[in-house]
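Heads up: the sequence lines are chains X and R, in that order. Residues in the first sequence are numbered consecutively from 1049, following the numbering used here. Residues in the second sequence are numbered consecutively from 6, following the numbering used here.
In case anyone wonders, no lab produced these hints; they're calculated from the structure. Among the clues, some could well be false.
Said to hold, decoys possible - If you only want the chain R side, here are some residues facing chain X, beta carbon under 8 Å, derived:
| no. | residue |
| --- | --- |
| 1 | ILE19 |
| 2 | PRO40 |
| 3 | PRO112 |
| 4 | PRO149 |
| 5 | LEU153 |
| 6 | ILE157 |
| 7 | GLY219 |
| 8 | MET261 |
Ideal Cβ placement from N, Cα and C applies to all residues, glycine included.
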Amino acid sequence: MTLRSVRRDPLAVRVALIGAALFFLALFIGLPLITVFIQAFAKGWSAYRGAITDPISLAAVRLTLLTAAIAVPINTIFGIMAAWVITKFRFHGRSLLITLIDIPFSVSPVIAGLIYVLLFGLQGWLGPWLKEHDIKVIFAVPGIVLATMFVTFPFVARELIPLMEEQGTEDEEAALSLGASPLQTFFRVTLPNIRWGLLYGVLLCNARAMGEFGAVSVVSGHIRGHTNTMPLHVEILYNEYDFTAAFAVASLLAMLALLTLAAQSLLEWKLARGRHRTVHEH
Amino acid sequence: MSLFLPSLRKPSVIPGFGLTLGLTLSWLGLLVLLPLAALILKAANLGLMGFLASVTTPRVLAALRLSFGLSLLAAAINTVFGLLIAWVLVRYDFPFRRFVEALVDIPFALPTAVAGIALTAIYAPNGIIGSLLAPMGIKIAFTPLGILIALIFIGIPFVVRAVEPVLADLDADVEEAAHCLGATALQTFQRVILPTAFPALTTGFALAFARAVGEYGSVIFIAGNLPMVSEIAPLLIVVKLEEFEYEQATAIAVVMLFVSLLILFGINSMQAWSRWRFLRAEA
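Required output: the full structure, derived from the provided sequences and hints.
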């Protein structure tokens, strides 16, 4: 028997295992995804259009875009810095820092919202001071942005750390020894090396920022047209039994998810090709 | 700052250590650590007896039991099917394999509220699957079974993504050797492949469990949210907040936070340990 044939399971086994895996995925992942679009268009195109162009829906879309436009760039900058310090240096407490960065991934989104209510809410630590100065954080846009930043905090760093770890520090050392300034080294050497991984992290961060529900729900106060993001608007429409409208807005978020995954597949292909090329050049 | 920092690290010509470490720690501290400390401080105000009294009321205990029990069950189911899916994706070639590969990540990318209403529409008594099961007297939506379905949905990619790289890296020689020594395919799987994949499976299980315990958006629509029956712990935190019972909400949150951090440190230590073991084996 050759090496290949040891690993090659009998046809019946293969068919049974592939069938079981595909059935599980179709039932638990495929069906919910299709359901979103079927329900969204259940009452036809004009009902769908009406639900999406409703002023309150549009306000929710705007708030979601605004939140992502603030949270994603800030977390991207800090993600790059965190990945830089973790991968380019060896220092005490390095692995503790990696674990601390992961915390928002393992904390319930509801707790992420709660901690900001405890800090900035009326009964919170800073509540009285904020009220005195007429600053609203909770039940207002700043709270939504803060909660979103908390839950999306690790995405960029998590994506960059393995990539930059693999690339080491040789390229940067070469650039520095040839007289490049630190900023030149970063923008001309490091950034081109990590651009696809960075873009991937930013996309994931953005998808989560636009789709976050639990954390934002706790701090938002659900004021229609003012503090409702798209996922919160979906909830309100659904609870009012306006299913078509709820699924119409949900379908926009589902399309965002599909676009993110399509871009992810493309970037993974690019990353694999980039890696392949570096191997050949060496 | 730069006076004592160099002693903490190995020397390097790469610039920006103080700046990037300082900014990273400040941002991490302000956004994550300080607010979490505020949570723990608030719970500390309750005192030990007050804290225990808050988290041992029948309603809180029922919610914690439901959340942890169903999350364990969902993570166990996901470990079995996650291994199966990873196996099929790594070992076999079939039409649309790349498409299926991307499909696995949907629960990562799809907003939880969207998943929640879609699952409810499917399993409600008038839904595609709900209407098939209703005549048999089986109710899924608005019962703990519905919660289980949602937790399986959000947990599956964690196991698949944890196990896939390990299965892909399996050495063909080892399986060949097992075969030459007379092992059947099943024996090879049980005694060679499964032990190799075990750390990754444990990581996937723990990640799926941690995510399920804290999950909110995909669960609350399908759960029914009946106190003592189908009310998960994260929802109870929200309910207590809406009733302005901040102490109760905080106490439940601290219990959940403690478990999450325990899992997180457990996973990271296990990964560090297996890296260490790997390095030692190499040397």
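Q.
I'd like to know which numbered hints this structure contradicts. Please list them from smallest to largest.
A. Result: hints 4, 5 break, sorted rising.
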